[in-house]
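Protein chains in written order, with the working numbering: chain A, 9 to 709; chain B, 9 to 709.
One should not assume that every hint holds.
Distance condition first, Cα-Cα at most 20 Å in a straight line; then the derived SDA-like pairs of lysine to any residue [what the hints assert, rightly or not]:
#  : chain 1 : residue 1 : chain 2 : residue 2
1  : B       : K66       : B       : L84
2  : A       : K66       : B       : S233
3  : A       : K66       : B       : V308
4  : A       : K97       : A       : K243
5  : A       : K97       : B       : F355
6  : B       : K327      : B       : S356
7  : B       : K66       : A       : V308
8  : A       : K243      : A       : K66
9  : A       : K66       : B       : S305
10 : B       : K97       : A       : H582
11 : A       : K482      : A       : M492
12 : B       : K66       : A       : S305
13 : B       : K97       : B       : I81
14 : A       : K97       : A       : T87
15 : A       : K97       : B       : K243
16 : A       : K97       : B       : S356
17 : B       : K66       : A       : H277
18 : B       : K97       : A       : H277
19 : B       : K97       : B       : G535
Short derived list, chain A residues pointing at chain B, Cβ under 10 Å [claimed, not checked]:
#  : residue
20 : L80
21 : G535
22 : M539
23 : L588
Rather than coming from a laboratory, the hints here were simulated on the basis of the structure. Model, not experiment: these values are computed from the prediction. C-beta atoms are modelled at their ideal positions from N, C-alpha and C, and glycine is treated no differently.
Protein chains: 2
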Amino acid sequence: ASGRGWAIAPAVTPPPRAKQALRRAAPRCAAGDRAGAAARGEAAARPVALEEEIVSEKAAEESHRQDSANLLIFILLLTLTILTIWLFKHRRARFLHETGLAMIYGVLMGVILRYGIHVPSDVNNVTLSCQVQTSPATLLVNVSGKYYEYTLKGEISPHELNNVQDNEMLRKVTFDPEVFFNILLPPIIFYAGYSLKRRHFFRNLGSILAYAFLGTAISCFVIGSIMYGCVALMKVTGQLGGDFYFTDCLLFGAIVSATDPVTVLAIFHELQVDVELYALLFGESVLNDAVAIVLSSSIVAYQPAGDNSHTFDVTAMFKSIGIFLGIFSGSFAMGAATGVVTALISFSLFTKLREFPLLETGLFFLMSWSTFLLAEACGFTGVVAVLFCGITQAHYTYNNLSTESQHRTKQLFELLNFLAENFIFSYMGLTLFTFQNHDFNPTFIVGAFFAIFLGRAANIYPLSFLLNLGRRNKIGTNLQHMMMFAGLRGAMAFALAIRDTATYARQMMFSTTLLIVFFTVWVFGGGTTAMLSCLHIRVGVDSDQEHLGVPESERRSTKAESAWLFRLWYNFDHNYLKPLLTHSGPPLTTTLPSCCGPVARCLTSPQAYENQEQLKDDDSDLILNDGDISLTYGDSTVNADSITSSGTSRRIVGNSSEDALDRELAFGDHELVIRGTRLVLPMDDSEPPSSLVDSARHGPA
Amino acid sequence: ASGRGWAIAPAVTPPPRAKQALRRAAPRCAAGDRAGAAARGEAAARPVALEEEIVSEKAAEESHRQDSANLLIFILLLTLTILTIWLFKHRRARFLHETGLAMIYGVLMGVILRYGIHVPSDVNNVTLSCQVQTSPATLLVNVSGKYYEYTLKGEISPHELNNVQDNEMLRKVTFDPEVFFNILLPPIIFYAGYSLKRRHFFRNLGSILAYAFLGTAISCFVIGSIMYGCVALMKVTGQLGGDFYFTDCLLFGAIVSATDPVTVLAIFHELQVDVELYALLFGESVLNDAVAIVLSSSIVAYQPAGDNSHTFDVTAMFKSIGIFLGIFSGSFAMGAATGVVTALISFSLFTKLREFPLLETGLFFLMSWSTFLLAEACGFTGVVAVLFCGITQAHYTYNNLSTESQHRTKQLFELLNFLAENFIFSYMGLTLFTFQNHDFNPTFIVGAFFAIFLGRAANIYPLSFLLNLGRRNKIGTNLQHMMMFAGLRGAMAFALAIRDTATYARQMMFSTTLLIVFFTVWVFGGGTTAMLSCLHIRVGVDSDQEHLGVPESERRSTKAESAWLFRLWYNFDHNYLKPLLTHSGPPLTTTLPSCCGPVARCLTSPQAYENQEQLKDDDSDLILNDGDISLTYGDSTVNADSITSSGTSRRIVGNSSEDALDRELAFGDHELVIRGTRLVLPMDDSEPPSSLVDSARHGPA
């Protein structure tokens, strides 16, 4: 992880290659033609060149030194945050979450950088006046016969010309927005996928998808249209200082529709809030990040044909929708695919690789990362791909890792996630002052706050109503209020907003988003505990206990509710994918039709049988709770033993997978733990006070 | 870690900010003045701007896509390497080490990139002819009234002008050399320091320092002068195509004097070679990296006054020597200081922080990293600082970490080290074909190989002879031959060579260094096993067994040998620093003079007493081996119990620390393990087949 941060400095400063180029520039002059230069070089023209070289060396060192200093600022901010977090955790203070804290420190540092530091301007800059009409990305400058390649760094408004250096400094600190998408977001999102509570996620799959897809779309359009009204108002009152189209409004809607799981869920987890609520919120916020990012890029891609731009155009709209579906499904497929490939590799190697957890971890890490790069290289959305890659990895690959590697990977991604998160939040605070093109417009801001409130409401309440028609275990009004309240905006909204701050509209959107994030994280994030208690939402629920408590009827109902959506998939997964890709799950010989017995036998890993055996023993405790499960295990083990008489196996499989689904829904974790299939998640754990205890518990004694 | 790699792409490509700048460029034209622009904007001039915007969007996406693809190449190379390493480890193949393997893959990929791929040239570049005499780092171009800032990327030789794009691609792959120093080297060096075998290191401190400092200096000057002769010959035969001064030769000497621990030591560890040899080689190669890097930078800083450059100048030389001492001691101090600070923080917090290993790990990681940045920001050498920071962390901070965090940090840095190492080596292979300014000169190359051979010989044999006069347990001739043979060049040499490839001389040096690395890693690295057997160096030595085997007399002698150097320091450390900075070590109350009893009591952590108690119990097994130690523990625990009667404590302390030194030298690890003080190192472990088993063993069952 160490390297990550360094990414920033090179990204935002004149690329270090320039330093070398500078060094290169001088001596070449001296070298002249290759033949007898050595002789001449020493005598003539050398001192000048040498001098130049020294000067440029100094410049290079100076800039490098400044980079280090800038990065050091962030490191110190993080360190400070960690120390204070520790204090908070120690004092059990919940009024302010670590992310809010990081932002505060960021703001303070931003003030210092903006008003405290002044860099003396450099004489080394040369202003060329030339007759090019466009400003190309690459510029070849012919300096007295030698060609130098220059890259475009950005436009400078004329009044800034005199203090380029200061802006230089500030720009260095406010580093390239792409860094967020390429370095900071991936680990966060991957970890979210990797640590997804699969059981609760699947139990509420229907509702979660509804909230994530429909909900995000709704709120996007609600916010978009409200903002458009707001912009129209501004135009009338003459407050508008630039172009602001409906597409921009929609984009804004998409940006601020991405809710952030971090803050609230951290508190939920600590308080062990009702698992239903937890699952709904987590699932929604993870998925709607993915939805929002694809949505925004497809809105950007909305380009009406012909000159009459920014008027409504059906074909263009359908094109955008097509793009949305294309990118989303593409990224999804890519992520899942890489996950499966990794699972296959690990399946075939790691049994023997067990001795080398370092290699396992390295491979796992590299494969997960290459998902992101692959998706980006193919023009899909890397972040989305990484999310689904994470889910797949957790579902399949994780089971093939050795215990050692399971913990290593988990801890590694936990750390990356932690650092990236706090970095982003402290950076948010920083940009409030260091970002140079802020554009705060009262009307717009007020409108925006009003809009996100309405948008969230239009997302939660109607959908909950509709879902409750289908759900047997309703989503209570208090839960609905809580979901309404818990709609914080965070890293994703910020990253989307800062990604492009070129136009006037985008700048205004960015500044507003920043304020929204601050407000929601500080106020809503801080008020979560209070809100929970005043909504009488039960806390301190042990997820497993809660489950054993669920009456048979209700479990059937939840099953029925979720089954229609993923029963098919579940059976396929449980009977064919799991056995093919992991060492857990039933042996193929029991799941495949009798005709392909030999194939099945050679494809099934020996451990699968062992697992079967295990099942029988380890479920004794389940038997106490539930009769039909013991039954199930009865005959599933029977047919595991009597593979030869596999004429009847098909029917039995039907049953056993049915009941397996049952168990998955009801006692999923139990069973999975036993089979060693389950991802032991920090979040998925039922022990107070925090996820860390969990890992500590699994850590070496 | 995910981020680390990404660092590369932004660093080497036109900074992504440019993409945004491009987007920015267009709409601004449309925006016009702020007042009623919105109204006009839509009607007039919009399509053009929009079009431009789309074009530039496309360009930006394209370049971003290419970055991802480039990085993907490296990730795949690493993945491939890991898979093959697994195969090797599985087959117990030793003829080729993973690093050598990585290089081979790199070479193959380099060939493909160089000759396989052709990028169509872009029309988007504009060539300006203008009358600036220098090529400044920053260029302000006035494009029809708007100012754009450009940064220098490098010079392009006129014949490359037509296929800029291809070079662009290649340059993207051969990314910025600073990346090595800022991203890839630090984790490697830190890990080296963190995993230093402290006991054996201290036992041979004298010899190691001699080899590292004198030895490196000697070989640097030997190589330098040989190469100067070689260059003179080339000049006579007219093969020389540019300036090549004696300082360049010296620089080359410094570059190739840094030996690489990785390959050989991996094999040594696997074969459990004689610990003496291991300690000597490891210590030397770790320290001489530091020496070489500082040496080279102080040679670069050698700038004679006046016009008669590159002639001998006493003041300048002394200035260089001063710089060497200054930078080295400065970096050392800074590294040690940060380490101590971290230790203090951890000492005061981590006892309570124990519940949150994530925070611990994060803090530890950030502090270690900030060492590097701090040193760089202050103009010292970050890599050197990181090395000593690592040693300090291992010595003090590590003891304050919870067991969980100890493993987390160890595994984290292990992984980083592993990835960085293989990345560098596969990158080396890549550059053989993708680097564009290679300059292979047969004479120079032959001379270089001859020189490094002589230089190594002039380092090892005379020094060993001198050291043997002092040492009681001589360094046998076969060990000397082995050290001679084991002088591989690796990551550091490469990083130093590629850091600056501006001048003709540097380019030639780089190409030659590359060949030297390839040759030594493949031939010497591959031949290690054979060499060991033909030199009759005993393998399969269990370091601890070996120690119990050491006769009393010899241990005394080794003690005497090493004592004069660090007895003083050891006593200070054992009596004052350890108790102050860690929770292990004897309570201050026993070590401080009686007068400061109260201070001592309040400064000593309660655990220290517990540790004392532990000592008594846990050393029962040692007592079996060695009499005087049980005695020692006898009275040291006595005076631990009788703190009140601390009139005599001073004397006893004298003893106990004496004997503690004894134990440190003889049974150090044993005792430290028991006290939980010792860093459980992969390298420090005596179980086959590889370091990974070690961590696996400590991993959760």
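Against the structure, the hints:
1. B:K66 <-> B:L84: Given pair B:K66, B:L84 is violated - Cα atoms ~27 Å apart, limit 20 Å.
2. A:K66 <-> B:S233: Distance ~29 Å between A:K66 and B:S233 Cα, so the pair is violated.
3. A:K66 <-> B:V308: Within the cut-off at roughly 13 Å; holds.
4. A:K97 <-> A:K243: violated (49 Å)
5. A:K97 <-> B:F355: holds (18 Å)
6. B:K327 <-> B:S356: violated (42 Å)
7. B:K66 <-> A:V308: Satisfied, since the Cα-Cα distance of roughly 12 Å is no more than 20 Å.
8. A:K243 <-> A:K66: violated (51 Å)
9. A:K66 <-> B:S305: holds (13 Å)
10. B:K97 <-> A:H582: Given pair B:K97, A:H582 is violated - Cα atoms ~34 Å apart, limit 20 Å.
11. A:K482 <-> A:M492: holds (16 Å)
12. B:K66 <-> A:S305: holds (13 Å)
13. B:K97 <-> B:I81: Distance ~24 Å between B:K97 and B:I81 Cα, so the pair is violated.
14. A:K97 <-> A:T87: holds (15 Å)
15. A:K97 <-> B:K243: violated (70 Å)
16. A:K97 <-> B:S356: Distance ~16 Å between A:K97 and B:S356 Cα, so the pair holds.
17. B:K66 <-> A:H277: Not OK: B:K66 and A:H277 at ~43 Å, beyond 20 Å, violated.
18. B:K97 <-> A:H277: violated (42 Å)
19. B:K97 <-> B:G535: holds (17 Å)
20. L80: Status holds, d = 4 Å.
21. G535: Violated, because the Cβ-Cβ distance from A:G535 to chain B comes to roughly 25 Å (cut-off 10 Å).
22. M539: violated (26 Å)
23. L588: violated (20 Å)
This entry does not satisfy hints 1, 2, 4, 6, 8, 10, 13, 15, 17, 18, 21, 22 and 23, going by the numbered hints stated previously.
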